[in-house]
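Mind docking chain B on chain A? Use the hints.
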Amino acid sequence: MYTAREEIYLRQIKGRYASVRWLFVWVTQLIFYGLPWLSWNDRQAVLFDLGARKFYIFGVVLWPQDFIYLAALLIISAYSLFLFTAIFGRVWCGFACPQTVYTEIFMWIERKIEGARSARMRLDRQPASVGKFARKAAKHAAWGAVAWWTGFTFVGYFTPVHGLSAAVVTLTLGAWEWFWILFYALATYGNAGWMREQVCTYMCPYARFQSAMFDKDSLIITYDAERGEPRGAHNKNRAADANRQGDCIDCSLCVQVCPTGIDIRHGLQYECIGCAACVDACNGVMDKVGSPRGLIRYATEHAMVNRSTPAHILRHAFRPRVLIYSVALLGIVSVFFGALLTRTPLMMDVIRDRGAMGREVENGMVENVYRLQIMNTDEAPHRYRISVAGIDSIHLETADEVGLGATETRGVPVTVRIHAGKGDKGSNKITFNLQAIDNPQLYVTEKAVFFVPR
Amino acid sequence: MADFTNGFWGIYITVLTVLGIAGCALLLWSQSTVRIDIPEGGQVETTGHDWEEGLSELNNPMPRWWMWLFYITIIFGIIYLFLYPGLGTYAGKLGWASAGAYQKELKVADEEYGPLFARYQQTDLTLLAADPTARAIGERLFLTYCAQCHGSDARGSKGYPNLADTDWLHGGDPAVIKATILEGRNGRMPPMGAAIGSDKEIEQVAHYVKSLSGSAADPIKAAFGKEKFAACAACHGADGKGNQAIGAPNLADKIWLYGGSVSAIMESIRGGRANAMPAFDDFLGEAKAHLLSAYVWGLSNAPVATGNTQ
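Chains as they are written, first to last, in the working numbering: chain A, 566 to 1019; chain B, 65 to 374.
If we strip away everything but chain A, and leave its shape as in the complex, we get (with noise of 0.2 Å):
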């Protein structure tokens, strides 16, 4: 049980909506495509160097102790997706999502080279020729240009680009390098050239679940089924027969023009990825037939029913769902930025020396050993000092001065010692600090555990 691929030939749309989601493909690609070229300090701004497990953006070097972070982001996005979905409904799919963008990109490579919607399905039928196979030629050409460039580009977020490029140039890449490069240039190609809307209907788990996020105050792409029925050819005595006749032409130019190809007339369905682009078409035809706009539009289930006006939608925007989105949202958006703000670029584990719990030294001394592990995340060489407390007379029996590289980490054993009779026999809470002579700002204080044997 199986069924082929409908092409869909896709008619070229202008309008409001259509706009907005061109400048969110000149937004998100000049990001994603100039980003690994900035520079910050004589390095890449942007580096993800998986090998030496640092991740450079811009001023800041997280490390895999980071971890938190990229969590957080993750949350982040998916309250995003939760707020703006309860509000404006499928807007990520239809203007920001990179199988929307791309496949803008390469339908507008597919009408520069093969021409309009009709043109281009009467070149399909069109028997073999070699017009055709160099017209087709040409496009999977520059279908390949764009995704090769593409996966050039993720892969120089992984590996330092200028040493990328001058692999490519030089046909030195490594093996990961092409591995990589082609596999992202063809999932690029694969996805916005061949699979398209398949890839929201058949692959993407969010078209599925999209009916878990909206309420019927979502604004959601609406046919004004009350408005355009019946539907039926315009003319000229419209006025006239304006009870029998609807506002709804039946150009079908909403369903040419729909990236999914479904018929929006029918109600929402799950394919809608709510691109507005028969809003758009809508639009134009009712300007040229001299109706009022929106028989298409943005509307939210409740003001359908209800024939509320754009106020009351809003008034309905501020409803507890989307007030409890937006307080956690701020909420973990503030911890975020807070926590990366006020990050100390120096971390410390305290490894205690599991092969002796506690030795008793000369005068009786009680000595515990342990490794720091330190790590500088900063960018800079640092000398620190090793302070230690918590009981009495504790001190460090080695050297209480360390000093790192950039973005170095060392486990530096020391060794800890107490004067006879202190402390409590068994375990003691010790703390160890960690603090840049260059910068008093610069510390960190970890929790230890010193055994005094019984």
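Bear in mind the hints are in silico, worked out from the structure with no lab data behind them. Note that beta-carbon positions come from the ideal geometry of N, C-alpha and C, so glycine has one too. Heads up, a few of these hints could be off.
[As the list claims (entries may be wrong)] Restraint ranges, calculated between C-beta atoms of paired labels, are given here: (1) A/628 x B/81: 35 to 45 Å; (2) B/117 x A/780: 13 to 23 Å; (3) A/628 x B/177: 16 to 26 Å; (4) A/596 x B/79: 51 to 61 Å; (5) A/574 x B/89: 30 to 40 Å; (6) B/89 x A/737: 38 to 48 Å.
[Unchecked claim] Over the 12 Å line for every Cβ pair with chain A, so calculated as not near, a few chain B residues: (7) 71; (8) 187; (9) 303; (10) 311; (11) 318.
Frame of chain A; chain B shown alone:
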């Protein structure tokens, strides 16, 4: 396959796997003969079951490319099972094994890092101890391979010698340290209880041993113990200063491997002591042992920097 006690399970897994793949292929083939063309604007049939409140399930056909993916998966599976171990005891055409993959990774790592260690191998150990880079490498090696027993600060604990002092069981020359790391050491003190006599006599010897290092001891008991110490002198020497050639510890200093209290010394005399340091030659190789020796030697000796040692 050593995981199983007999050949049955290998065959069982093979049969299940092959039948599973064949079943999937059969189902796929039977389904892929039915092509459904949905008429323009037409409605797909439902499964016929009404769930609740008119909720029914559409019987949507799957897209053709998806069907091809299933075929590709089956072909991939067959090729994989041919090349790699998966079917019972069949080892696969490529002969891949996880142990082999580990060996390969080790080899790659050795090729990459080997030269880093090897370039220090010709440098004299005492000079190497003054080289900060070599010391840093040595420290990392020590923390990885030696710190479990000797402690992160190399000062040992009961039964594990302190490497940061000037007291050596087998000698503290750089070359001897290296030999210790490469070949390991066995420290054996036989039980001496029978040779010395009663508990009282053992206690007297213990007091004498304590007195050797000037530690507080009962002078009368120590005087009695001195006679009995003759049994110990064969290894530890008449003056108790030990013998590094056989690893007999110096009893005349205040450093005690198993504790310096009378009871601990009595326990050592009565039951003897057996200790061992494993040999690291096969595991670390000489280049790493060389760097480690320099680091350990440098812990108790002030290395004299003589400029660039490379």
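Comparing the hints with the structure gives:
1. A/628 x B/81: 35 to 45 Å: holds, 43 Å
2. B/117 x A/780: 13 to 23 Å: holds, 19 Å
3. A/628 x B/177: 16 to 26 Å: holds, 23 Å
4. A/596 x B/79: 51 to 61 Å: holds, 55 Å
5. A/574 x B/89: 30 to 40 Å: Since residue 574 of chain A and residue 89 of chain B have Cβ atoms about 36 Å apart, the given range 30 to 40 Å holds.
6. B/89 x A/737: 38 to 48 Å: holds, 43 Å
7. 71: holds, 39 Å
8. 187: Correct as stated: the minimum Cβ-Cβ distance to chain A is 23 Å, above 12 Å.
9. 303: holds, 23 Å
10. 311: Per Cβ check, residue 311 of chain B is outside 12 Å of chain A; nearest 21 Å; holds.
11. 318: Check fails; 7 Å does not lie beyond 12 Å.
Hint compliance for this structure: hint 11 is the single one not met.
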